[in-house]
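The primary structure of each chain is shown beneath.
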Amino acid sequence: MHPAFSVVFFTTATGAGYGLLALLGVLGGLGFIPADFWLGLIGMGLALGLIAAGLLSSAGHLGRPERAWRAFSQWRSSWLSREGVASVATFIPAGLFGLGWVFFGRTGWVTVAGLLAAIGAVVTVCTTGMIYASLKPIAQWHSRYTLPGYLIFSVMTGSVLLNSLLQAFAIGSNPVVAAALLLTLLGWGWKLATWRYNDRLEIATTANTATGLAGGTVRSLEWPHTEENYLLKEMGFRIARKHAAKLRGITQALAFALPALFLLAVLFALPWPLVAVLSVLAAIVQFAGILVERWLFFAEAKHTVTLYYGR
Amino acid sequence: MTCLPTHTDKKLGLVIDLDTCVGCQACVTACKEWNTGGHMAPLTDIDPYGGDVDGVWFNRVHSYEHTTEAGGRTVNFPRSCLHCETPACVTVCPTGASYKRASDGIVLIDESKCIGCKLCSWACPYGAREFDTDVGVMKKCTLCVDRIYNDNLAEEDRVPACVAACPTSARHFGDLGDPASAVSQLVASRGGVDLMPEMGYKPTNKYLPPRAHTERAASVAAPRLEAVKAEGGFLGWVDRMLSN
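Residue numbers (the working numbering), protein chains in the order written: chain G, -5 to 305; chain S, 24 to 267.
Hints may contain errors.
Reference excerpt, derived from the structure (chain G facing chain S, CB under 10 Å, subset only) [as the list claims (entries may be wrong)]:
1. Arg64
2. Glu77
3. Ala201
4. Leu207
5. Gly209
6. His219
7. Val299
8. Tyr303
Rather than coming from a laboratory, the hints here were simulated on the basis of the structure.
This structure is a prediction, so every number in the text was calculated from the model and none was measured.
Note that the Cβ used here is the ideal one computed from N, Cα and C, for glycine as well.
Please build the complete structure, drawing on both the sequences and the hints.
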C-alpha cells in the first residue's frame, strides 16, 4: 500500500495526541497531576494540537476536502465515519476539561469531563485501528495484531509525551517514567510479534483464486496497460520492501530502543534539567520512530489486487 | 445509506467466458467510449500522449499463462466490477456516496457525495475502483446503467457496452438471481466460478473457466490434391514414360 505522508502523519499524531489526552483526562481528572495553569494549558494544547494537526492532515489526503462534513453520516456501517464522529465528539469533553482545568481548577464536573475525554480518546483510537483491521484484501492489516497495536502505540507515545511534559515542569515522578518505559517495551514486543506473524502469513488468496483458474500456476503474461495506473500506484507500492530489513532496524532503534534507554537514564535520578532534556528527547525520537513504523505499516502491506499484476 | 440491502429484486451482472475471450480489448475500448460520456463521465486521461500516461478505466483485460499437468495455455482475463452481494467497498464509505441498489443489485457511486478518501478502493479485493485524480472522486463500472434501461436505444442495444462490443460472445449480461435466465443456465452448464470466493464478497459476476483440453481434435492435414485429368503434351508424354 502506498504510504501517503498525510495518513502516516495523521495516525502517528492523533495516536500520540489521544494517548496524551486519555492520560491527562484520567490522571489530571483524578488529581494525580496538579491543576496548574501552565501545565494544563501546554499539556492540553499539545494533546489537542496533535489531534487537530492530524485531522487536518488527513483532510488533506481527500480528493474533495470541502465535502469532508459528509463523512459524519454513515457511522452505522463505516469505521471511517465512526472515527470522524468519535474524534469530533471527543473534542467536547476534552475542551471542557481543558477549560475547567486551566481556568477553574479542579471541580466535580471537570473530573467527569476528563474521564469522558479519556473514554472518547480510547474509542477514537479503536475506530482508527478498525479502519485497517476490517480490510480483508490486506492480510497484514486484517489480523488480530492491528487493533491492539494502535491502542498500545497510542498509550505508549502518550505516556512518553506525558513524562516529558511533567519532567519539563520539574514534577516528574518515577511511576510515570516507569510506566512510559514499560509501555515502550510492550510496544516493542508487540511490533516484533506483529512482524513475526506477518512474515509467516499463509494467504489463502492466490493468482489461482483471483482468476478462477484452478490448479497449476498462473503467470502474468501481459498487463492491460503499459504504464503504472492508479491501482499500482496506490495498492502496488513496492519501494519499501527492498529496504524493509533496514527500516525495521531504524524503527526499533528510534521508536523503542533509544526512548527506552533515555527513560532508563531518567529513572536513575539524574539532576534536573538533564532529566527534562532526556525525557523530551525520548518523546521526539519516539515520534520519529513511529512515523517510520507507520510508513512501514503501509509499505509492507500487500493488497490482493497486486496478484492480478503478478506482483 | 451505505448499509447493504437485505435483498435485491434482481442480481444483474456479467458472465465472462475465459474460453472464448481472445483479448482483443474491444470491450475495454467500447467501455471507455461509452462511459466517458455516460453516468460517471468523464473517464479522465492524464498525459494521454506523453510518456507517463494514466487514466480511469472500468474494464481491464489481463493475459495469463495457465500451466497445469495437462499443458499450458494463454488465458485472456477481463477484469471489472463484479457487483458483489456483500461489497465492503459500499459499507466502508463514510459519506453514503457508494451504494448498492435494492432493485437490481448494481453497485454505484453518487459522485456529488464522494470525498475521495479512497477507502473503497482499498476495500475492493478485485481492483474494480479507480480514482480520478483530476475530478478528485472515485469511479467505477456502472454496468452501463444508462444503457440497459435506456428507452432511446433499440432493445437489442440495451446491454452494457462491453457486451455489445464483444466479437466472440465471451461476455453475457443478465439476471443472475433468476435460475431460469440464460446467464444462470450458462453458468450452471459450464461450471462458472466466483473470483476469490474465500474473501466472502459473493461476487455477482461469474467467470466460465476455459474448456478442458481434448484428444478429439479434428485432423488438420487435408487430403493430397490429385490432378483432375492426365496432363497432355510433351510433359505428359515424359510423365507417362517415366511412370511405366
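Hints versus structure:
The criterion of a C-beta within 10 Å of any C-beta in chain S is met by G:Arg64, whose closest approach is roughly 4 Å, and the hint holds. Against a cut-off of 10 Å between C-beta atoms, the interface hint on G:Glu77 holds, since the closest Cβ of chain S lies about 8 Å away. The restraint placing G:Ala201 at the interface with chain S holds, with a minimum CB-CB distance near 8 Å, inside the 10 Å limit. Satisfaction of the interface hint for G:Leu207 is found here, the shortest Cβ-Cβ separation to chain S being roughly 5 Å, below the 10 Å cut-off.
About 5 Å separates the beta-carbon of G:Gly209 from the nearest beta-carbon of chain S, less than 10 Å, and the hint is met. For G:His219, the interface hint holds, since its Cβ comes within 10 Å of a Cβ in chain S; the closest pair sits about 7 Å apart. Evaluation of the G:Val299 hint against chain S yields a held restraint, the C-beta minimum of about 3 Å falling below 10 Å. About 8 Å separates the beta-carbon of G:Tyr303 from the nearest beta-carbon of chain S, less than 10 Å, and the hint is met.
In the structure shown, no violation is registered for any of the earlier numbered hints.
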